[in-house]
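The primary structure of each chain is shown beneath.
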Amino acid sequence: MTDRRVVITGMGTVNPLAHDVEGTWQALLAGRSGVRATELFDASTFPSTFSAQVSGYDLADQVPDAERHCHAGRHCRFALGAGVQAWRQAELDACEQLDRSRLGIYLGSGEGSLDFDNFTGTIVDAWAGGAVDAVKWAELAFERMHLYREVEQESNMVVAHMAAEFDVRGPAFNVLTACAASTQAIGEATLQIRRSDADVMLTGGAHSMIHPYGVTGFIRLTALSTRNDEIPTSSRPFDLTRDGFVLGEGASVLVIESRDHALARGAKILGEIIGYGSSADAFRITDQDPEGEGAAASMRCALADAGLAPGDIDYISAHGTGTKQNDQVETRAMRSVFGEQADHVPVSSVKSMLGHLIAAAGATELITCVLAIRDQILPPTMNCSHSDPDCDLDYVPNKARPAAVRTVMSNSFGFGGQNNTLIVIGPEGDRPADATR
Amino acid sequence: MTERRVAITGLGVVSPAGIGVEALWEGLLAGKGFIRPIELFDASGFPCGFGGQVGEFSARRFVPKTYRKAVKVMARDIEIAVGAADLAFRDSGIVTKGIDADGPTIESGRLGCNIGAGLICTDLDELGVALTTAVDEEGSFSLKAWGESGMNNLTPLWLLKYLPNMLSCHVTIIHAAMGASNTITCGDASAHLAVGEATRLVARGGADAAVAGGAESKLNPMGLMRQTLLKRAATGWDGEPDRACRPFDEGHCGTAVGEGGGLLILEDLDRAVARGARIYAEVAGFGAACDPAGIDVERANAGSLDLAVRRAMDDAGIAPDQVGLIVAHGTGVPAEDLCEAEAWQAAMGQRVRSIPATAVTGAIGSLFAGAGGVELAVAAKALAEQTVPPTANHAAPARDCDLGFLCEPRQARLEYVVSAAFSVGGQSGACVLRRHEP
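Listed in order, the protein sequences are those of chains U and X. Using the working numbering, the first residue of the first sequence is number 1, and each one after it goes up by one. Using the working numbering, the first residue of the second sequence is number 1, and each one after it goes up by one.
Heads up, some of the hints might be wrong.
[As the list claims (entries may be wrong)] Derived DSSO-like pairs (lysine-lysine); straight-line CA-CA distance at most 30 Å: (1) K136(U) with K32(X); (2) K69(X) with K32(X); (3) K32(X) with K324(U); (4) K231(X) with K32(X); (5) K136(U) with K72(X); (6) K97(X) with K72(X); (7) K136(U) with K144(X); (8) K65(X) with K97(X); (9) K324(U) with K144(X); (10) K324(U) with K399(U); (11) K324(U) with K231(X).
None of these hints come from the bench; they were simulated from the model. No experiment lies behind these values; they were computed from the predicted model shown.
So here's chain U without its partners, still in its complex pose (with noise of 0.2 Å):
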């Protein structure tokens, strides 16, 4: 069995930013903020009136062959214009010996939206009596719904949109571990690398619940900012006054490969995976284990997986969504990981200028650290001013720093207890001097 080194040799994202690596790499280096009042529906009524949204997107300027795709729903557009975007940057056009049936593609995408106006006027048109008439809704529904705007919904169809895109044969996953889904994708998709099930894989995930019954859903759950009056300034994980997280959405792709496939045809090389971690709370459905343990195990995981201590960790990219009880778990987790240590390692979170891309958020996280040891600077956490007691560590502030970073830390936490972590460092392969893998 062989154990290959995996390494990033191409990234692309669409995201409330930007429509490009970057744009959105600029934009969050000088604090700017994605979030704005909710237009792709009527939101005026609702708890929550705002949002991070992708505007101004058209496939059309993304893809050569958009009509191909004219029945995605619309995270599959993002992770298409994504994708093209990784698959450009890895110049993998140029690849004459690229073996297709050992391309994989490992997405962490969401469902569709559902068809909102019919799938809700079927049921409102069709009750009697304090339920449903199913004879009366399978009339109208099969009137009024249309079939690829229901079986785009299934979160298989972006790895078939991408598969059919890019011509991929090999290995094809999607993993749906709601916020989580996409680190884990990447982290997945590393093993079937080192495993050598696959010498290219695509990673990355997609996510839209920007529409009525995703926003009512977090709603219900209490999840959401409701800082109407200040929209700009709603996303403030790590910040005492943090009241939830901002809904975004968005996708993110990045090109990985076995280090050597990368070096044979001559790839610029971007960054390299050395360590993945996943682990159950198995706590509750509706909370964190409030010690942290979940999240701890993951990190632990995370480094013995790359042979590192805590020490070796330089920044460490934070799930941080700005819920009250995520950003004081998070960081009670981080100081059981890191001990004394943990003082002098930064953190930050980028959701407070992206919001929350729910199953892309991993993935996007992870390309900004790529940058952030490229350009040895560290992106802010904005909106971060006043500290709350529970959450005591260095999250970088309001401002990006300059910082020497060699190998970061990223994490993803979704609900139902899924935790997950990467670990990267920078394209020279440089692994800190103590590593013992």
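With the hints as your guide, set chain X onto chain U.
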């Protein structure tokens, strides 16, 4: 670095044939059909009014007393997974915290989970109760009224009932499985992919045991409507629903939409042997593949199932002539059966007709993300019993669909069994199971 061998030590099945793997196995051997008119809702408005129902079933029976309240926030897919997990753990003899809080025999952090899931359909009545509080004078739904107050009539945990990872989450909570946890959502291929991934987790030493497979129910108005729009639901055999789902048969006319799931306990072989566990089989190989043509959901394809099968056989280090049984997916949708038969032939060569084959769909219908879990449970059972089960409703093969299906059960010397499935969308997964030599 060497990989550990992985044993299957527990099987948990909830299917239209009943609760438990024995109910299914006996039903299959008897050649019974379990497809019947839908009772879960009034399906008379649908062209296809029958399906594979589990029947009376609640997860309440399968959770610790302290967890019974949580059953209220479980969609049917989740209830099925929770039931199957309990059955699988008990069958394996591994005592989890959910089975005995005081005497678990496995360390929580060394127990992983990977359960395939589908797009969970919202309960229309539950949502309707809230939606109908937000209508204008004409009786039309008003988004403004919904935002103001209507949504407050929706149960606060509504969203958590429908997240696909909640199958795994409830199972990990009940059984205190704190190891790596994953949820694969690739349609009918989900469970094979989940079992393959979980096998590798145990093989590389990331966990000592894992619960893996899949569960789903599309037996609700939205699920049945979507399958009807896809033209996948069976269209013939009125009045004889138990004969309607006919995998690879000349009378095949679509599938029977069903519900159910299968979960396997995968365990480090050395650990299983050391504790004297009953070992159904070993997972000897896994393969996955993808057909880019899957984007066109109106045109059948088998998700490059042939490549997945070849990879699984390579992984197991075996050739087609060592395969004693093919567990086919066999949806009964004519174009899909044809693609699948071609794929098996491509993977196995001309010899394919002489390899005994079976498909469970004739008896229980399509279980979607749950299908693979049940198919792999049947594959494991076949190895343990050294028996090939017959295929219900396969009387005469459709043109170019001639695999080795049997009308009666047959004792056979089975060393390796291959099982594979493909999704609408073009993903496929395959597993090779090996007889365990005690």
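Okay, the hints, checked on the actual structure:
1. K136(U) with K32(X): Roughly 34 Å separates the two Cα atoms, so the pair is violated.
2. K69(X) with K32(X): violated, 36 Å
3. K32(X) with K324(U): violated, 55 Å
4. K231(X) with K32(X): Given pair K231(X), K32(X) holds - Cα atoms ~26 Å apart, limit 30 Å.
5. K136(U) with K72(X): The hint holds at about 27 Å.
6. K97(X) with K72(X): holds, 21 Å
7. K136(U) with K144(X): Between K136(U) and K144(X) the Cα gap is close to 26 Å, so the pair holds against 30 Å.
8. K65(X) with K97(X): holds, 13 Å
9. K324(U) with K144(X): holds, 28 Å
10. K324(U) with K399(U): Answer holds: K324(U) to K399(U) is near 22 Å, not above 30 Å.
11. K324(U) with K231(X): violated, 47 Å
Taken one by one, the earlier hints fail for this structure at numbers 1, 2, 3 and 11, listed in ascending order.
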